[in-house]
Each structure stands twice: as structure tokens, then as C-alpha cells.
Amino acid sequence: MGYPMAGNLLRAGHEVAVWSHTSAKAQKLADAENGKFCATPKEVAENADVLFVCVGDTRMAKDVILGTNGIIEGVRSGSVVVDCSTIAVSQSRHIGQALKAKGADFLDAPVTGSTPGAESGNLTFMIGGSQAVFHRIRPLLDPLGKKIYFCGASGMGLQAKLTQNLVLSNILMAFNEGMVLATKGGVDPKLMLEILDNSAAKSGLIDYKAPFVLERDFTTNFSVKWMHKDIGLMLESGKELNVPLLLTGLTHQLFQTAIAAGHGDEDICSTIKVLESVAGVEVVSKK
Numbered sequence: 008m009g010y011p012m013a014g015n016l017l018r019a020g021h022e023v024a025v026w027s028h029t030s031a032k033a034q035k036l037a038d039a040e041n042g043k044f045c046a047t048p049k050e051v052a053e054n055a056d057v058l059f060v061c062v063g064d065t066r067m068a069k070d071v072i073l074g075t076n077g078i079i080e081g082v083r084s085g086s087v088v089v090d091c092s093t094i095a096v097s098q099s100r101h102i103g104q105a106l107k108a109k110g111a112d113f114l115d116a117p118v119t120g121s122t123p124g125a126e127s128g129n130l131t132f133m134i135g136g137s138q139a140v141f142h143r144i145r146p147l148l149d150p151l152g153k154k155i156y157f158c159g160a161s162g163m164g165l166q167a168k169l170t171q172n173l174v175l176s177n178i179l180m181a182f183n184e185g186m187v188l189a190t191k192g193g194v195d196p197k198l199m200l201e202i203l204d205n206s207a208a209k210s211g212l213i214d215y216k217a218p219f220v221l222e223r224d225f226t227t228n229f230s231v232k233w234m235h236k237d238i239g240l241m242l243e244s245g246k247e248l249n250v251p252l253l254l255t256g257l258t259h260q261l262f263q264t265a266i267a268a269g270h271g272d273e274d275i276c277s278t279i280k281v282l283e284s285v286a287g288v289e290v291v292s293k294k
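Numbered as in the numbering used here, the sequence shown ends at 294 without a single skipped number.
Quick caveat, the hints were computed from the structure, so don't treat them as lab data. Note that the Cβ used here is the ideal one computed from N, Cα and C, for glycine as well. Hints may contain errors.
Capping the alpha-carbon separation at 30 Å, the derived lysine-lysine pairs in DSSO-like fashion look like this [unchecked claim]:
(1) Lys246 - Lys107
(2) Lys232 - Lys246
(3) Lys109 - Lys191
(4) Lys69 - Lys109
(5) Lys197 - Lys293
(6) Lys35 - Lys191
(7) Lys153 - Lys43
(8) Lys232 - Lys32
Label pairs and their computed distance ranges (CB to CB) [stated by the list, open to error]:
(9) His21 - Gly192: 51 to 59 Å
(10) Ala31 - Asn205: 16 to 24 Å
(11) Asp224 - Gln104: 39 to 47 Å
(12) Gly63 - Tyr215: 19 to 27 Å
(13) Ser292 - Arg83: 36 to 44 Å
(14) Asp224 - Gly85: 45 to 53 Å
(15) Thr122 - Ala19: 17 to 25 Å
(16) Val291 - Ala46: 46 to 54 Å
(17) Ala19 - Leu198: 42 to 50 Å
(18) Ala31 - Leu198: 28 to 36 Å
Let the sequences and hints guide you as you build the complete structure.
As C-alpha cells, this is what we get:
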């Protein structure tokens, strides 16, 4: 997602220094959009007033921001680091404190919208941190997203993102169970989807994902392995806040089952294959 996000900033006329774990990607983007290629996150920090980070998990975020040749080694006083990754709330706050000691500000700014949203500049941002800092960098979000929510103090953007993904992942499991049950019971999947679409069970997630399931297209927009990571963060947050997350615990295990079955790099809608395999039925479009 970082590649199209950086591309959108460049096409909006901003000067952008780019780095990636995969150097060839950063070089390709720099060449294609007249950006500045950097060999390390430290070098990016030395060339930027506002830094956007988008990586896969907590460990990666800590490495890129606080590690050797990381942002913290080159960050300038008065700079702002905006972390668009979905990581542990407690660790995000730790990162913010470490940057504060260097005179830099930090916002947790996880996004939703998956790859299509990143490519089209239609991501949704959930922001935590200083409201004054948020207003300062707010214009830079316009090329990236159309819905921007300031959620409160440090960590609140992540808390909102985890809640959103909690609801999403549990809805997906309910969809999987319902569609497998209906299909095995003899109901045409297309008819079942039409019924759902005209009932109180209507869901934007189902409207978007169901056609991919019926066409057996599991091309990745948001992978099973990354949602599994996010669900683990939800459970961690629930433990910290003393909130039991019963359904979410089961959903975490179902995602783990999908990974064990070899679907970790596929889109989250591929999780339906787990129940299909058990039930001996496939939810497929009848042409």
C-alpha cells in the first residue's frame, strides 16, 4: 500500500523521498514519478519534514523507525512521523515517546481501504496524537484519503482501526458460515446474496467480497495473514483493557486454520475455503 500512497503524493506535486524494504520498488517509483530514492529510512528522515510509514507489523515499524539506520537516527527536530501501519497500541505509544525525545512529533494513523483505496487515493484514516500536529499535516492527507477521522490522543487511531477490523473480520466469518450452509442446503448462492442485500443482514463488506467468492477470485487486496495479525492485536488490546472478546478469539483461530491450510497470502475472503472443505461444498456462481 505504501507504493501507491507515495505515488499519489508525488503526483499531487509534493517532493517525496522514498525507501522500501525492496529497494527495486523504491527505485522504480523514484524513476517513474521523479521522487528521490533513499537507501535507508535514516536517509529519508534527513530529507523530509513529514514522514509517512506503512509497514506490515509492529516489529517492522520498530525496525524502520527506531532501529539501526532507522528514522530516529536522521529525524530533524520539528519533523512529524505519521505511521499508517496497524501495530500494537502500547508499542506505538513507545515509538512516539522515543521520537519526542528527539524533538519530533508522532501520529498513529492507520488506514482502511486496502489496495484499491490506496491506488485511488480513497483511503480512510484514523488519527491519534496531538490535534495541533494533525491540523499541521492535514493537507498532505488529501491526495491519500477522502475520509479523515481524528480520534483523540496517542494510540486512539489504532484503537479505532482495531475495532473496525474486529467487526469486519467477525462479519466475514458469519458470511462464510451462512453461505456454506445455504449452498449445502440447496439455495442458489446468487439468490441468497440477493436476499441478504434486501434484509437487515445487508453489509457493505458482503456486497464487496461476495462476487469474488462466487467467481473464485481470491486475488489479494487484504491478505489472511495480515488480518490474522490484526486480530491478534485486538485480543491483546482486549486483555489490556479487561474486555472479553469471545467471538474474536474464535475468528482468530479460524484465520489460523486458513493459514495452516495454505491460504495465508490470499485475500481474506479465501477463509471460506476452510468451511467449504469441511462441509464438502463450494460456494460458486451458477452460470
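* Take a quick look at whether Lys153 and Lys43 sit within 30 Å of each other, Cα to Cα. => OK: Lys153 and Lys43 at ~26 Å, within 30 Å.
* To do: Mind checking the hinted window 46 to 54 Å against the Cβ distance between Val291 and Ala46?
  => holds, 48 Å
* Asked: Regarding Asp224 and Gly85, is the given constraint of 45 to 53 Å on their beta-carbon distance met?
  -> Between Asp224 and Gly85, where Cβ atoms are some 47 Å apart, the hint holds.
* Is Lys232 within 30 Å of Lys246, Cα to Cα? -> Distance of about 21 Å is within 30 Å: holds.
* Evaluate the given range 17 to 25 Å for the C-beta pair formed by Thr122 and Ala19. => holds, 19 Å
* When you take the CB atoms of Ala19 and Leu198, is the distance between them in 42 to 50 Å? -> Since Ala19 and Leu198 have Cβ atoms about 45 Å apart, the given range 42 to 50 Å holds.
* Is 19 to 27 Å a correct range for the gap between the Cβ atoms of Gly63 and Tyr215? -> holds, 23 Å
* That 16 to 24 Å hint for Ala31 and Asn205 (C-beta), does it hold up? -> Check failed, 48 Å falls outside 16 to 24 Å.
* Does Lys107 lie within 30 Å of Lys246 when you go C-alpha to C-alpha? -> Within the cut-off at roughly 27 Å; holds.
* CA of Lys35 to CA of Lys191, is that 30 Å or under? -> violated, 48 Å
* To do: Just tell me: holds or violated, for the beta carbon distance of His21 and Gly192 against 51 to 59 Å?
  => holds, 54 Å
* Mind checking the hinted window 36 to 44 Å against the Cβ distance between Ser292 and Arg83? => Roughly 55 Å apart at Cβ, these two residues miss the hinted range, so it is violated.
Consistency note: the structure conflicts with the earlier hints numbered 3, 6, 10, 13, 18.
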